[in-house]
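Next come the chains, spelled out residue by residue.
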Amino acid sequence: MFTIGKLASLTSVSNDTLRYYEQEGLVEPAGKSPAGYRLYDKDSARRIRFIKHAQNCGFTLAEIRDLLVLRGRDKACCGDVRTRAVEKKLQIESKIRAMKAMSKALDQLIADCANETQPVNECTIIAALERAKVKTPVH
Amino acid sequence: MKVEMFYTPGCPDCVAAHARLRTTAQEAVKNLVWRELNVLDELDYAVELGVLTLPSIAIDGKLVFTSMPTVAQLRTALIERSKGRE
Numbered sequence: 603m604f605t606i607g608k609l610a611s612l613t614s615v616s617n618d619t620l621r622y623y624e625q626e627g628l629v630e631p632a633g634k635s636p637a638g639y640r641l642y643d644k645d646s647a648r649r650i651r652f653i654k655h656a657q658n659c660g661f662t663l664a665e666i667r668d669l670l671v672l673r674g675r676d677k678a679c680c681g682d683v684r685t686r687a688v689e690k691k692l693q694i695e696s697k698i699r700a701m702k703a704m705s706k707a708l709d710q711l712i713a714d715c716a717n718e719t720q721p722v723n724e725c726t727i728i729a730a731l732e733r734a735k736v737k738t739p740v741h
Numbered sequence: 041m042k043v044e045m046f047y048t049p050g051c052p053d054c055v056a057a058h059a060r061l062r063t064t065a066q067e068a069v070k071n072l073v074w075r076e077l078n079v080l081d082e083l084d085y086a087v088e089l090g091v092l093t094l095p096s097i098a099i100d101g102k103l104v105f106t107s108m109p110t111v112a113q114l115r116t117a118l119i120e121r122s123k124g125r126e
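So the protein sequences, as listed, match chains A and B.
First residue of the first sequence? That's 603 in my numbering, and the numbers climb one at a time after it.
First residue of the second sequence? That's 41 in my numbering, and the numbers climb one at a time after it.
It is worth saying that the hints were derived from the structure and are not from the lab.
Ideal Cβ placement from N, Cα and C applies to all residues, glycine included.
Incorrect hints may appear among the rest.
To be verified - Heads up, simulated DSS-like pairs for lysine-lysine below, C-alpha to C-alpha not over 30 Å straight-line:
#, chain 1, residue 1, chain 2, residue 2
1, A, Lys706, B, Lys102
2, A, Lys702, B, Lys102
3, A, Lys697, B, Lys102
4, B, Lys70, A, Lys690
5, B, Lys42, A, Lys691
6, A, Lys691, B, Lys70
7, B, Lys42, A, Lys690
To be verified - Covered stretches of chain A (in silico footprint by chain B; criterion: 3 or more residues with CB under 8 Å from a CB of chain B, positions within the stretch not fixed):
#, stretch
8, 674 to 684
9, 690 to 697
Claimed, not checked - Simulated DEER-style distance windows between Cβ atoms:
#, chain 1, residue 1, chain 2, residue 2, range
10, A, Ala664, B, Arg125, 39 to 47 Å
11, B, Asp84, A, Met704, 14 to 22 Å
12, B, Leu80, A, Thr605, 40 to 48 Å
13, B, Asp81, A, Arg651, 39 to 47 Å
14, B, Asp100, A, Glu624, 47 to 55 Å
15, B, Leu103, A, Val683, 43 to 51 Å
16, A, Lys654, B, Thr63, 32 to 40 Å
17, A, Val683, B, Lys70, 35 to 43 Å
18, B, Asp81, A, Val671, 26 to 34 Å
19, B, Ala112, A, Ala729, 52 to 60 Å
20, A, Val671, B, Arg125, 12 to 20 Å
Chain A with its partners taken away, still in its complex shape (with noise of 0.2 Å):
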């Protein structure tokens, strides 16, 4: 059993950090000392380490917590845990086309800009943005 900050140091996770995820209900503490710390066992950095992967790869705080509960539960199936995966590379990509559309936007622009010494009331870029008409969503 360790404290806070020997978990901090072993996860290199700040300890704000992982006050937070136990604010958030992703880690509980294995129990507490005499003294009245909570302390935390191989559990709970093997649940940190978890966390932060699953962040690396995308994954919300909420999501993690599905995945926590997924990864607990004795009826659930890699199949669960392999659709989550498969959807949140759904939405990284759908967010790289869009990304990759504003960069061609911005291509646009930049290309229009043809004498960047022109005075700023002049400017191409300012002008096209101006003038263009902000698409709304549809629902």
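Here the structure of chain A is known, so what remains is to put chain B in place on it, guided by the hints.
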């Protein structure tokens, strides 16, 4: 009419549900084209249609269901769509 179901393999319950939905769709609409697409094999197309959750169903290239519909929901959607085409 074309119905495309995007799925990911590995879900035994889904296989049975797919079969029920396919049968329902084929009974509800004549000359129906039913496709089951492994989303990882058709990732670009899935993203283009806006698929973010699985399973998802597109009818004639438009995303209609973002989770597994009931048989009745699919039948209603197909009948409404086929009326719109008449």
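Broken hints, by number: 4, 6, 13, 15, 16, 20
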